[in-house]
Each structure stands twice: as structure tokens, then as C-alpha cells.
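Chain residues, written in single-letter form:
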Amino acid sequence: MATIREENQKLLRQPLKVECGMSVKLDDINEISIIGGGYDNYAGDVSEQVATPIYMDLSNGGFVNDGFAVPLEEEHPGIISRIAPLTLVVYMDNPDEVPPIVTIIGTEDGVLKTWRFTRQVCQIPGYTRKIITHIVIGYAWQFDNSNLISCDVQLRGVETTCDNPSLQMSEIEIKGYEPNDITDVISQLGENYPIWYTSGYLGDMSEIRRFYLDGQISWIDKVITIRGVDATKFLDKEFAGTYLGNTSAIMTGGLNQLFDTYNSMIASAGVDAEYTNELLNEAYFNNRADAVYLPKKSIRELIAQASNLFKLDETATDSGFNMQFNYVDAGRPKLTISKRIADAVETIDNIGELEITSEPQIKEIRINAPLTFVNASAAIKTDTIQGTVFEELSEPYYSFTASAGTITRLSPTTYKLKSTTQRSITVSGRKIALYDPTDDGSNTPFIYQRRDEYRELLANGRTIELNDFYGFEGIWDTSETVTEQLWAICNQMAAVSPITYKFKWRGNPHLQPRDHINVMINGSAVKMTIDTMTLEHENGGLVSQITARKGWI
Amino acid sequence: MDYLNIDGYRIPYPNGFTIEKQLRKAAAYTTMNGTEIADVVGWKYADAQLKWDTLLDADLRNLLLATASSVIELTFEGLDGETVTEQAIVESCVNTKTRFRDSNNRIVWKDITVSLSFPKSH
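Protein chains in written order, with the working numbering: chain A, 994 to 1546; chain B, 48 to 169.
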């Protein structure tokens, strides 16, 4: 059995199998019974004929596999008939009702076929071996190498830039052969029907990527064109904003809470994402009195921001900053918060049309309020502070007057400062003093005193401004002050390479945005993280255009 | 083989005719060091030109009748000496310039050519 990685080593490789399609469910399947032809368990050579997986997508009204196309054994999916005609009877809720259209997809003696019926009793004739993998009350299209003209997949995720990256949608465009006039059908259809895609070699097919119909289907000259986007589309839903805080040492820490909150945010948007929460050092991250402030924004923006915050530090040990908040969709939404495993990294050779771009390095990172910060002293006793002046003590201290901002008490020792004028706080050495002028001096004001850690990253470079930055405290360690944590994040951001690559390659459909790769350039391996990736199937071949950033981030 | 078979018509085998294979490639590109990378989708028989030095009038007429339709079925000798039947597309007219009478007073044509291509991908 050929594998993609093996074939990619050759100059001339075998063409990949592509399987993709779309289901348009018009009605709920109520009951289907199968008459005649029988259905049996088969072992032996049947799996050599076909290895068509069940394309089931339960999110956004996808086709529900109600048990009629049940995998009899794992390697023999679908209803398998003996070499005989097959009859399926569809029972609707209302016995007088006739199903509008029933589409059955399967293979007949190994060849992909679609049957369509507009009646209750669906008879598939012929003394041939049939394997039915997909039954829809409605329409369905399935394409493989025999009837696919082209398939263009553009995979994107959270951009690898530090400058307020956005979470981009991934797209698919399928062009297939459809000899029947479907202009009437197209006019009836809505949006968001599930589309799937997989490619590779038998035995090494990629995980199924799921997209949702976006825009009109077109049918011209017997060619049907279907366009879809991934589940990122549904994440434009707004999140109300919340403060995740806890002061109990027994409850799970802020990082865990943050991760769980993200998971429920994504689920609330109707996206069926896979998530893993394997923290490398659980004892370290549990039992912490951590707090995070999540602003009111769309879920999509929040995810993009969080990905910017938590970046991988390859050299860190378990207790260090090696957490990585990672959400990738590209057709298979997945949320993880663990360090990547370096062993799985693919080495890419034989790239073409290489373009290398560089932007100026990061000199300074400016962060916009709101910030939350811990007041270590008991100086501030009142719940809200009005009219207090926070003075500019001396350069380089900033101050806010109460009229230019508001302070809200969140917990006995935590306050939130929000500036109403977009005052920026530069982390590279500025300080904030907070004190109560009515204080008789017996209580110490709380001052960030990190002057010794101040350093300008570079003499020259660009400034990054992070707007509506997360307020948070004690994500990693409550003994650290906020500036330290912010500084650590800024360090990580500044360490991200300004060099990006763009190249053409033969492609591997197992890869996706944010994957780590090694690319051979002039005989040496360069570490890169994939930013965007296309999979262009045409004329039987596959080519891939990849943009990537230097380094494993 | 002594004879070529075109849609049922037997024509003497063209002079020195050997068929060649050609790879069908897709998604080809050139790498940074000049290597060509591609996916091989299959192979087909290369475009061929059938040539005869001489053909008797009767054979030429058969050839004209045989190639009257643009898609023909050709039986020829394959690469390993086996007999192959394959669909071919007639790409050109039957070309010839010279007609003469041989010593037995039969009409003979000289330098006949016809071009074919093979659409089928294996």
C-alpha cells in the first residue's frame, strides 16, 4: 500500500485518490427497510474493491446516519448486497407522503454510482455487487477520480503574524461531472449543507475535512461547481464578555478555565470541534488562584487573540511557558492546549518557486487597556474609586484621572482599570502607579517596579500595537506581577521570526495550517510553521502552494 | 505484422512503424535545482504518423475509406510484439503527391502519410 510520504520521495508519483461530495437533506429519514438482495457481513476480498468511508456530519443539520448505512464491520462500511438486485423502502412519518427525492450513493462492482428515486420503493436492479454508503432524502453528490474535474481546497487558520492576527476561513471548490439538468434543483437549495473532502492513497487517506455550502451552486455544460467554507463561518457569533476568576485554591486554575470557556464558546456556535486538554504538568496548573478577563467580541476574534498570546517556547521545561493555545479549523476543527510533538514533523523536499519575505523585527510592543492587576497591598479599601488622581509621578510613569477612566473592583484584591481615552501602556519599561491620595502613608501603594527588566528589543524595528488586549493575572504563577507575565508574552512575540516563505510543492493532504514542518532549502532543513496551504487537484495531479513562517511557533 | 487493421480494412503495414508510449503527467513544476516533479496519471500511445513509401491504388482507396471517419479503431503491433487494438483519432488527411504506373501497369502511389493520436489513458 502506498503512503503519501513514501510517494512524495519519488520524482514521479502515483496520482492521489480524491473523494468529495455534498449532501442536501430535504427531509428527515424516518425509516428505511431493505428487501431482497439481503445484506451480509463480508470478509475477504470485498475491501479490495472499495474503501468508501461513511460521510457523516452531524453539525448544522448534516446528514444523520440513522443506522441505514451502518458499517457492518469497520473495514466494510455501508450496506453490502449479495450479487443481486437491491430494494430499499423509505417510510415517511405520514404514510401517504411520498419522499420528494431519494439519493443513494454507493458502488456497483467497485464503480462509484448515484441512484435517484422519487418514490418510496427504490429498486436498484442488476446482478452486481452493490455497497451502499450514503442514503439521503434529498440530493447528494459524490465525486471520485472518475467524475471529478477539479477540486481546489484553500486551508487557512489563525495567521502566524504577531500583529493582531485574524482567524481566516478555509474554502473548497469542487467541479464535477453531472450529466442531468439540475437547474431546478439548484434554485430550491439553501445554504450550509455539509460538504466533505478527503484524498490520499487507499490505506493512507487524509482525515475527512468538512465544509459548508456557501453561495450558489452552478451547473454549466454538465459541470457542477460547489463552493463551501469551513466551520469558522459560524464563529462570527458574539461572546458576551466575562471575567473568569477564582480565588479558591481548590478549583482548577485560570488556564484550565480559559480553555474550557473556549471549548464551550465554540460549541455554542454550533461547531463540532475536537478538543484535547492535556496539560503537561497538571499539578502546576491546577489549584491556582488565576483570573482572566475576556472582552466582549466575536468568538472568532477571541480565538485569534488567544492564539497570539500563548506561543510555543521550545526551550522551556514543563513548568515554563510551553503552553500553546491552538485552534485550527481547515475543515476539521480542533482545540488543543498542549505542546506539539516534534517527532511527527514532516521534512519537505523538492519545493519550487520559492519566495522569501521579511518584515522589520519587533522593536516594541504596545498594549492597550484594559488590564487587570493584583493589588498586593490593602491600601485600596473602597469598592470604587472616584475622583482619585493617579499621578504621573515622574517620567516614565503614567497616570489616569478618574474622569479619564474608571476603576472597578472585581474581587477583594483585584481591580480593573479601564481607560476611556485610548491611552496606551508600553510594556517596554513604563510603569503604572496606583495609590490613594487620602492615604496617610501607612499603606504602601502598589507599584510595578520592573525597571531592571526594561530593555529595548532592538534599536530599529516596528512597533506592534495590541488593542483590547486581554486583562489577566496570574495565568502561570500568582507570585509574578502582571508586568512580568506581559513581558514574558512580549518576549515570546518578539522572538517570532519576521521571515515568511512561499513555495510550491506536490502536497500532502494530511498537513494543515499551524503544522510544523522542515523544509529543505539549499541542502539544509529550515524549520517552518504552515500559515496557509492549498491543495489543488486537477487533471489527476495534486499541487500545493504553501505560505509559512520561519520557526516552530 | 504484415497488415494494419483499420476499422476492418486491411492495409499493408506502414514502413518502419513502431509505436511509442508517452507518460501523462499532471501538477508538474520545477524545483529550485531544476528537477521536474509531477504526478503520473497514466500513459498513452504517443502521436504517430503512418508512412508508406508506396501503396497500390486499391490499398490507398481502402485507406481513404478507413480513415473517412475521424475516430477509428486501429490494430497494430505493440511494444512487446503483441497485437494491440486501440481507438485513434485521425488528425490529418491522407497525404500523397505522386502517382505513377509500375512495370506491370498498375497504379501506385508514393510517399503516403497520415497522422493519428491516441486519446486513451492507461
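Hints listed in this document are in silico derivations from the structure and should not be mistaken for laboratory results. Note that this is a predicted model, so its numbers are computed, not measured. We treat Cβ as the ideally placed atom computed from N, Cα and C, and that holds for glycine. Careful, some of the hints might be misleading.
[Stated by the list, open to error] With a Cα cut of at most 25 angstroms, we get these calculated SDA-like pairs of lysine to any residue:
id: 1; chain 1: B; residue 1: K72; chain 2: A; residue 2: K1289
id: 2; chain 1: B; residue 1: K68; chain 2: A; residue 2: K1327
id: 3; chain 1: B; residue 1: K72; chain 2: A; residue 2: Q1538
id: 4; chain 1: A; residue 1: K1010; chain 2: B; residue 2: A85
id: 5; chain 1: A; residue 1: K1003; chain 2: B; residue 2: D158
id: 6; chain 1: A; residue 1: K1495; chain 2: B; residue 2: K72
id: 7; chain 1: A; residue 1: K1495; chain 2: B; residue 2: E83
id: 8; chain 1: A; residue 1: K1495; chain 2: B; residue 2: L70
id: 9; chain 1: A; residue 1: K1543; chain 2: B; residue 2: L111
id: 10; chain 1: A; residue 1: K1106; chain 2: B; residue 2: K167
id: 11; chain 1: A; residue 1: K1106; chain 2: B; residue 2: L70
id: 12; chain 1: B; residue 1: K72; chain 2: A; residue 2: D1253
id: 13; chain 1: A; residue 1: K1495; chain 2: B; residue 2: N151
id: 14; chain 1: A; residue 1: K1495; chain 2: B; residue 2: T132
id: 15; chain 1: B; residue 1: K167; chain 2: A; residue 2: G1544
id: 16; chain 1: B; residue 1: K72; chain 2: A; residue 2: K1543
id: 17; chain 1: B; residue 1: K68; chain 2: A; residue 2: K1543
id: 18; chain 1: B; residue 1: K72; chain 2: A; residue 2: S1261
id: 19; chain 1: B; residue 1: K72; chain 2: A; residue 2: G1533
id: 20; chain 1: A; residue 1: K1215; chain 2: B; residue 2: T77
id: 21; chain 1: A; residue 1: K1520; chain 2: B; residue 2: K91
id: 22; chain 1: A; residue 1: K1215; chain 2: B; residue 2: V88
id: 23; chain 1: A; residue 1: K1003; chain 2: B; residue 2: T143
id: 24; chain 1: B; residue 1: K167; chain 2: A; residue 2: I1142
id: 25; chain 1: A; residue 1: K1543; chain 2: B; residue 2: M79
id: 26; chain 1: A; residue 1: K1003; chain 2: B; residue 2: K157
id: 27; chain 1: B; residue 1: K91; chain 2: A; residue 2: S1139
id: 28; chain 1: A; residue 1: K1327; chain 2: A; residue 2: K1215
id: 29; chain 1: A; residue 1: K1010; chain 2: B; residue 2: E83
id: 30; chain 1: A; residue 1: K1003; chain 2: B; residue 2: V88
id: 31; chain 1: B; residue 1: K167; chain 2: A; residue 2: Q1147
id: 32; chain 1: B; residue 1: K91; chain 2: A; residue 2: K1543
id: 33; chain 1: A; residue 1: K1003; chain 2: B; residue 2: A85
id: 34; chain 1: B; residue 1: K72; chain 2: A; residue 2: K1327
id: 35; chain 1: A; residue 1: K1168; chain 2: B; residue 2: G89
id: 36; chain 1: A; residue 1: K1003; chain 2: B; residue 2: S117
[Unchecked claim] Which chain A residues stay away from chain B? Per the calculated CB distances, all over 10 angstroms, these:
id: 37; residue: L1005
id: 38; residue: P1008
id: 39; residue: K1018
id: 40; residue: V1104
Checked hints:
{"no.": "1", "hint": "B:K72 with A:K1289", "in the structure": "violated, 52 angstroms"}
{"no.": "2", "hint": "B:K68 with A:K1327", "in the structure": "violated, 47 angstroms"}
{"no.": "3", "hint": "B:K72 with A:Q1538", "in the structure": "holds, 18 angstroms"}
{"no.": "4", "hint": "A:K1010 with B:A85", "in the structure": "holds, 15 angstroms"}
{"no.": "5", "hint": "A:K1003 with B:D158", "in the structure": "violated, 44 angstroms"}
{"no.": "6", "hint": "A:K1495 with B:K72", "in the structure": "holds, 24 angstroms"}
{"no.": "7", "hint": "A:K1495 with B:E83", "in the structure": "holds, 19 angstroms"}
{"no.": "8", "hint": "A:K1495 with B:L70", "in the structure": "violated, 29 angstroms"}
{"no.": "9", "hint": "A:K1543 with B:L111", "in the structure": "violated, 65 angstroms"}
{"no.": "10", "hint": "A:K1106 with B:K167", "in the structure": "holds, 22 angstroms"}
{"no.": "11", "hint": "A:K1106 with B:L70", "in the structure": "violated, 29 angstroms"}
{"no.": "12", "hint": "B:K72 with A:D1253", "in the structure": "violated, 49 angstroms"}
{"no.": "13", "hint": "A:K1495 with B:N151", "in the structure": "violated, 74 angstroms"}
{"no.": "14", "hint": "A:K1495 with B:T132", "in the structure": "violated, 47 angstroms"}
{"no.": "15", "hint": "B:K167 with A:G1544", "in the structure": "violated, 47 angstroms"}
{"no.": "16", "hint": "B:K72 with A:K1543", "in the structure": "violated, 32 angstroms"}
{"no.": "17", "hint": "B:K68 with A:K1543", "in the structure": "violated, 44 angstroms"}
{"no.": "18", "hint": "B:K72 with A:S1261", "in the structure": "violated, 47 angstroms"}
{"no.": "19", "hint": "B:K72 with A:G1533", "in the structure": "holds, 8 angstroms"}
{"no.": "20", "hint": "A:K1215 with B:T77", "in the structure": "violated, 34 angstroms"}
{"no.": "21", "hint": "A:K1520 with B:K91", "in the structure": "violated, 41 angstroms"}
{"no.": "22", "hint": "A:K1215 with B:V88", "in the structure": "holds, 23 angstroms"}
{"no.": "23", "hint": "A:K1003 with B:T143", "in the structure": "violated, 46 angstroms"}
{"no.": "24", "hint": "B:K167 with A:I1142", "in the structure": "holds, 17 angstroms"}
{"no.": "25", "hint": "A:K1543 with B:M79", "in the structure": "holds, 18 angstroms"}
{"no.": "26", "hint": "A:K1003 with B:K157", "in the structure": "violated, 48 angstroms"}
{"no.": "27", "hint": "B:K91 with A:S1139", "in the structure": "holds, 17 angstroms"}
{"no.": "28", "hint": "A:K1327 with A:K1215", "in the structure": "violated, 37 angstroms"}
{"no.": "29", "hint": "A:K1010 with B:E83", "in the structure": "holds, 22 angstroms"}
{"no.": "30", "hint": "A:K1003 with B:V88", "in the structure": "holds, 14 angstroms"}
{"no.": "31", "hint": "B:K167 with A:Q1147", "in the structure": "violated, 32 angstroms"}
{"no.": "32", "hint": "B:K91 with A:K1543", "in the structure": "violated, 43 angstroms"}
{"no.": "33", "hint": "A:K1003 with B:A85", "in the structure": "holds, 9 angstroms"}
{"no.": "34", "hint": "B:K72 with A:K1327", "in the structure": "violated, 36 angstroms"}
{"no.": "35", "hint": "A:K1168 with B:G89", "in the structure": "holds, 21 angstroms"}
{"no.": "36", "hint": "A:K1003 with B:S117", "in the structure": "violated, 39 angstroms"}
{"no.": "37", "hint": "L1005", "in the structure": "violated, 5 angstroms"}
{"no.": "38", "hint": "P1008", "in the structure": "violated, 5 angstroms"}
{"no.": "39", "hint": "K1018", "in the structure": "holds, 34 angstroms"}
{"no.": "40", "hint": "V1104", "in the structure": "holds, 17 angstroms"}
Checked against the numbered hints listed earlier, the structure breaks hints 1, 2, 5, 8, 9, 11, 12, 13, 14, 15, 16, 17, 18, 20, 21, 23, 26, 28, 31, 32, 34, 36, 37, 38; every other hint is satisfied.
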